[in-house]
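S.K.: Sequences and hints are given; from them, build the entire structure.
Residue numbers (the numbering used here), protein chains in the order written: chain R, 1 to 410; chain W, 1 to 213; chain Z, 1 to 192.
Worth flagging that the hints you see were computed from the coordinates, not collected in a lab.
Computed from a predicted model, the values in this text were never measured in an experiment.
Some hints could be false.
[As the list claims (entries may be wrong)] Here are the computed lysine-lysine pairs in the DSSO-like style, where the Cα-Cα straight-line distance is at most 30 Å:
no.	chain 1	residue 1	chain 2	residue 2
1	R	Lys336	R	Lys134
2	R	Lys78	R	Lys49
3	W	Lys200	Z	Lys140
4	R	Lys241	R	Lys302
5	W	Lys181	W	Lys41
6	W	Lys204	R	Lys49
7	W	Lys178	W	Lys41
8	R	Lys237	R	Lys302
9	R	Lys302	R	Lys387
10	R	Lys336	Z	Lys170
11	Z	Lys160	R	Lys96
12	R	Lys336	Z	Lys17
13	Z	Lys145	W	Lys201
14	Z	Lys179	R	Lys96
15	Z	Lys146	W	Lys200
16	W	Lys33	W	Lys45
17	R	Lys96	Z	Lys17
18	W	Lys200	Z	Lys145
19	Z	Lys160	Z	Lys145
20	R	Lys96	Z	Lys140
21	R	Lys46	R	Lys78
22	W	Lys204	Z	Lys146
23	R	Lys336	Z	Lys179
24	R	Lys49	W	Lys200
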Amino acid sequence: MASNKWSENVADIKSEAKEETRKAAVPHAPEAFWTQEETFDLSSGKYLKIWQGPQHPGVTGNMALELVVEGDIVRSCKTHVGYLHRGFEKLMERRKYIQCFPIVCRICVPEPDTNEYLFAAAVEELANIEIPEKAAWIRTFVLELSRTASLTMGLGGQAGAFGLGTIGQWAVAHRDYILDLFEELTGGRVYHMYIIPGGVRLDFPDGFEDRVRAVLDKIEHLIGDIEKVMFNNSVFKARAKGLGIIPREWIEPFGITGTTARAAGAPLDVRKNNPYLVYDQLDFEMILGSASDVYERTLLRKEEILLSIRLIRQILDRMPKAGPVRRKLPNVLHWKVPSGETYVRVESGRGEMGYYLVSDGSEYPRRVHVRGASYTHAMALLEHLVKGISIADVAGVMTSLQTCPPEIER
Amino acid sequence: MKDDEKTIDEMLNPAGAENEFLTEEYYCQALPKSVQPVANKIVRKFYNWAQANSLWILAFGTGCGSIELPPLFTARYDISRFGLFPRPTPRQSGVFIISGYLSVKTLKRVIRSYEQMQNPKFVLALGSCTVNGGMYFDSYNTINRLDYYLPVDVYIAGCMPRPEALIAGFNKLKQLIKEGKAEGANKYAENFEWYKANQKKIIKNWDMPEYNW
Amino acid sequence: MKDILTRLDSRFVIERKDETRSNLVFITVKKPVAIEVITYLRDYEGFRHLVLISAVDYIERNVFQLTYLLHNYQLHVDIGVRVEIDRQHPQMDSIHHLWAAAGVYQRELHEMFGIDFPGSPHVAEPMILEGWDNIPPMRKEFDTKKYAEETYFPREGRFKQDPREVMEIKLYPVDTEVKYGIKQVVRKRRGH
Chain R
1 MASNKWSENV ADIKSEAKEE TRKAAVPHAP EAFWTQEETF DLSSGKYLKI
51 WQGPQHPGVT GNMALELVVE GDIVRSCKTH VGYLHRGFEK LMERRKYIQC
101 FPIVCRICVP EPDTNEYLFA AAVEELANIE IPEKAAWIRT FVLELSRTAS
151 LTMGLGGQAG AFGLGTIGQW AVAHRDYILD LFEELTGGRV YHMYIIPGGV
201 RLDFPDGFED RVRAVLDKIE HLIGDIEKVM FNNSVFKARA KGLGIIPREW
251 IEPFGITGTT ARAAGAPLDV RKNNPYLVYD QLDFEMILGS ASDVYERTLL
301 RKEEILLSIR LIRQILDRMP KAGPVRRKLP NVLHWKVPSG ETYVRVESGR
351 GEMGYYLVSD GSEYPRRVHV RGASYTHAMA LLEHLVKGIS IADVAGVMTS
401 LQTCPPEIER
Chain W
1 MKDDEKTIDE MLNPAGAENE FLTEEYYCQA LPKSVQPVAN KIVRKFYNWA
51 QANSLWILAF GTGCGSIELP PLFTARYDIS RFGLFPRPTP RQSGVFIISG
101 YLSVKTLKRV IRSYEQMQNP KFVLALGSCT VNGGMYFDSY NTINRLDYYL
151 PVDVYIAGCM PRPEALIAGF NKLKQLIKEG KAEGANKYAE NFEWYKANQK
201 KIIKNWDMPE YNW
Chain Z
1 MKDILTRLDS RFVIERKDET RSNLVFITVK KPVAIEVITY LRDYEGFRHL
51 VLISAVDYIE RNVFQLTYLL HNYQLHVDIG VRVEIDRQHP QMDSIHHLWA
101 AAGVYQRELH EMFGIDFPGS PHVAEPMILE GWDNIPPMRK EFDTKKYAEE
151 TYFPREGRFK QDPREVMEIK LYPVDTEVKY GIKQVVRKRR GH
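M.R.: Right, dumping it as structure tokens:
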């Protein structure tokens, strides 16, 4: 067929440049990543420096890439972050524990519930608070639902980065169904402030489960459509296959986690390895890939959405129907959390996200460190990953890492 | 020598300026002027009507409010019904949505993008954090009130405002434009020194021209 | 986990051990052996994943506490290596030769706490802040509210209520009237 030939030709042309960089790259010792840096003589006329971002539609969020290009091929890249820095960690040090809750969810915009859960879990662990069983199930439900929303939008962004605008439209519109569910459950569309220490704020409204199931069916239907028009699309295949390959050896030095690591075949899933909440009672398998290119990562995220949907259905089937959702706390205005240090982690849509909380026994946290999943993905890894690809593919590679700048700089 | 006879090297490095990057040639140092409305009442009304119905938005997500912009542009809230449309470059756009808090580093880029926009231009400030700092009132890196740095035409309060609130804000902006009251760009030109002094107070490494368009 | 700690004890001087939960232990070591301990954990005990590098400012003891959190892929356990360094001359050896990602963490610590990591790539380049000329913002002596009030233009009309006082007045009106006086209570009820 003609279309197949065309896509093969394109793949041939592109694979030359890719092969070149594949050979040049892949150092195994971590320090080799830093010694590799080359300098480019910009006055020679051969190289050109361009900025992608912060005001650029092809950049996820508000960050910038400083690219040195030779013709169409990127030769070096430097990431610039800090455009969204609000100093959360400093702000939390001068707020009481309960006052931190409205601001933690603002750290990650597409998936705020992971932050709420992590902070609540860290505080609960230090203060030795057990949450009711139903609250644990509801928390798992909320985390999976927000994962679905974030991954759906990420899928739309991935398609948009390769020029498939229709899927972006579908994905964002379907994400809105999930946001409506959140609005019904929590009262907030984007920021929920729902998970608090000791449980969750409210129980499910009447008839909520049926509406959740209806939305899940819609999302499942959408994934079927996306399968047809995106993953079987010859343009998308030609552009995404073999692009931005992360070798297995890079996982350790860069601390790659989550879907990005699983697409490379590394069995890293916090839900399976360090089960939290009720994940040890749920029945699911880790999804692993092997090719580790943009296509594989996108495919894996699609499977992750389906997995999340299956998990949510399981949760709805098996969660206790009655019981308290919140445990009574001590007076939160006088609440002194016992001194100690802890680290809790969660599997977010982008990878391992964790909170390191240090308490010195006072009413204010001593130190909160937020470990965002895309912290090293978007900073160090991206700089090495985009070398040797064409400018048009930079946005695709960047989106495939699910970069979320607010959690890099907090 | 005609242009097409020159080699690329000669065009990049004209004689007398070897290896020197001529920044000033790329910027115009002229300061902004305030534009007076047309005297003829009917023509003025027509201008305002036309302006109000073709607002093109600069797609620059400066803060977390930008998460509500994709729903706004896509199927559900479909803002192209109102003649609004996202554009990728400041040269083509007329409305700047400041979507949320601005860190000092972003403010520098925002000012530059705003000054590159063509007249008539309007600023729509989104979220409580542009009004008085909102949640980040005590943060060392975010500004508290936007109207000290850029002229704001419409504020939309909330954290974060829903897409419906944005649509309401756009309708308010349209109404202001039709009445000829959205004079933000003129305000900026008239109080240029005051705005620049405020901007330079917090942007410590000011390495831009005074006004770059 | 216990075996790992026993083996660590036999090789190095561990000053303190805090077990937060069964799969998370924090150990404190002296600065000169810290890199050695981390390298040992990475090469011989399988802690191949650097989760984070963080710093805590203990201004009253005049030290910075650095925390290196390492994760074991096989056993799914974490170990946090805590090192205390002098606050006046904060300096620590770089570990970017062990993990490439460590360079990014060290760059941020250099900017936010002013801790120096000699030899770490691009460590002195500003990463998040731009044109910052004050003391590093994450240090405890830096008052972010005071800085924000002085630098940015706060809008008038914003007031702060101490939630404890508000609740006290709401819950115990009679007691607080005795405690603070009627005028004060009425003013506080209005929110000024």
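S.K.: Which hint numbers doesn't this structure obey?
M.R.: When the structure is compared with the hints, none of them turns out to be violated.
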